[in-house]
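2 protein chains.
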Amino acid sequence: MKLATLKTAQRDGQLIIVNRALSHFVAVPHIAPTLQAALDNWAAAAPQLHAAARELESANPEQAQRFDACACKAPLPRAYQWLDGSAYLHHVELVRKARGAEMPAALLTDPLMYQGGSDALLGPCDAAPFTSEEHGIDLEAEVAVVTDDVPLGVTPAQAAAHVKLIVIVNDWSLRNLVPGELAKGFGFLQSKPATSFSAIAATPDELGEAWRDGKLHLPLVSHINGELLGRPDAGTDMNFSFFELIAHAARTRKLGAGTILGSGTVANRDPERGCSCLAERRTLEVLKYGAARTPWLKFGDRVRIEMLAAGGANIFAALDQQVVHSRADL
Amino acid sequence: MKLATLKTAQRDGQLIIVNRALSHFVAVPHIAPTLQAALDNWAAAAPQLHAAARELESANPEQAQRFDACACKAPLPRAYQWLDGSAYLHHVELVRKARGAEMPAALLTDPLMYQGGSDALLGPCDAAPFTSEEHGIDLEAEVAVVTDDVPLGVTPAQAAAHVKLIVIVNDWSLRNLVPGELAKGFGFLQSKPATSFSAIAATPDELGEAWRDGKLHLPLVSHINGELLGRPDAGTDMNFSFFELIAHAARTRKLGAGTILGSGTVANRDPERGCSCLAERRTLEVLKYGAARTPWLKFGDRVRIEMLAAGGANIFAALDQQVVHSRADL
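Heads up: the sequence lines are chains A and B, in that order. First residue of the first sequence: 0, per numbering that gives the first Met the number 0; consecutive thereafter. First residue of the second sequence: 0, per numbering that gives the first Met the number 0; consecutive thereafter.
Calculated directly from the structure, the hints in this document are not laboratory data. Among these hints, one or two may not hold up.
A pair counts as met if it fits within one copy or between any two copies, since identical chains are not told apart.
[Claimed, not checked] Below, simulated DSS-like cross-link-like pairs (lysine-lysine); rule was C-alpha separation at most 30 Å, straight line:
#1 Lys96 x Lys287
#2 Lys163 x Lys6
#3 Lys297 x Lys253
#4 Lys287 x Lys297
#5 Lys163 x Lys214
Produce the entire structure from the sequences given, and follow the hints as far as they go.
Listed below in structure tokens is the structure:
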């Protein structure tokens, strides 16, 4: 089934179920008012939500409302936890190369993961606000999973059952603030403003065979101002599966229901697949031409991220956002 | 006024108002069911909560219920954001010395701050679960503030109005996992399991003259198994005020209502004041005796943290927790 969160006057919006064709939706306040409420009580809520989704699929469309992804917030407009791994080591290697940093061998077995801000997550068509182009505004197209309650010390095999929903993500980054924050060792803070999410959060069964071994085997397609940036396959060159990433996060503590865990920027070693962020493209340009040619994002630029099924269907509805200047003078 | 969150079957508990003497409380479901709900709508909720607090203060105690801090969860049992600064540079200097790391000069002007896990926060008497003593279990006694919605780019002067509540904190740390995570640059994850909070969240006016210039000028007292570890003054040697820490966090993004922002481990340069964590004490032992003499915490140890007013009143009720072995085998 496909879930989304409609924009309302409430901070957490309203949970809706969307049909497979992404044409219609129904609200389900009798099951759960918000997605967090459903996740808090998933064992009871999920069967009811699945039943409502089946009914929607077979219903006369006139009985449902027209779906518009841009009328949606992030599935969790604010979350209790947003963790982001960096599972595509090809990306890590390239981005480190760009800032002249080494790739430690330990990263092959010990995943990189940071705790992200989750107090305000952006919806798929929300303007993405930044204070300065000088910060080096970049996209990072990713896949993420949403869990229910994950016990402390879960193994990768046990983690599989805790993946309840899958989303796609733009983990906006301010590249010029990253080196200073990494040097401090305390992780990203100013360099990672609010992250954006697809309207649709899909249950794993919606992905069919494409969801296997804790990886999503489909291309993640990114465009900037209508020009293709890349379409790497999210199931290829992913060094740690989502199950391994969950186990890593839960090594010393349990994870609360509604934890969102990201894959890190999707990156394939095959250069024909392009990139999911400008940092990689710029690094490749440096290696090829001696200098970066593609600028960071500018105010007014549009970034579109989507994942297409084998038949071309847009699984999560596209993220399509404009980079805007948000003045800091209140 | 003093607020707390009673343990109930609900994940977010029930908001209560506690009297100054910490002897009695009333629930206020007609104002807000939870503290997060009150913070989401603080401008409207605060006057009603203050009125109810005044009424409780003058009421016949028999009309209220007996207060027990151990019947409370953390004020926000889960939060959308937990940021922790490191504002006492004396602590940073000592802890870095202990692991043979330098203290970069930039830290004098650019605060250290990390994004902590906030999906499951511990109450003041909850058992504190850890999987292994080998991880180097340590306390970190801190002060923290809770904000309402903070606009992007707020200045320190503007930040003052956004401090709505003050709490005390034990930011448990796994010292032996810290160096590896710091070396990765992505911040603390496995080395910072669930953080513990005082039952009481007090509005700044409850602190009187002790709350000034964005600092809380009172001693924070820590005991391990009944033995005094330290009682440094939280207003002394704090290199960045809470207002400066809020401005740092909000430089590139707004902060959502209910953001908790910590001071970092309270530490005074005066050695007579003792310590707020074992890492500091052990470093001082290394410097004095050539080796650390105090072990990290063991299963069964009790850690008590409290803040006493000039007259001896226990402002936030004590955190009094036992370190317990939580097996990871589910």
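Could you work out which of the previously given hints the structure breaks and list their numbers from low to high? Those not satisfied: there are none.
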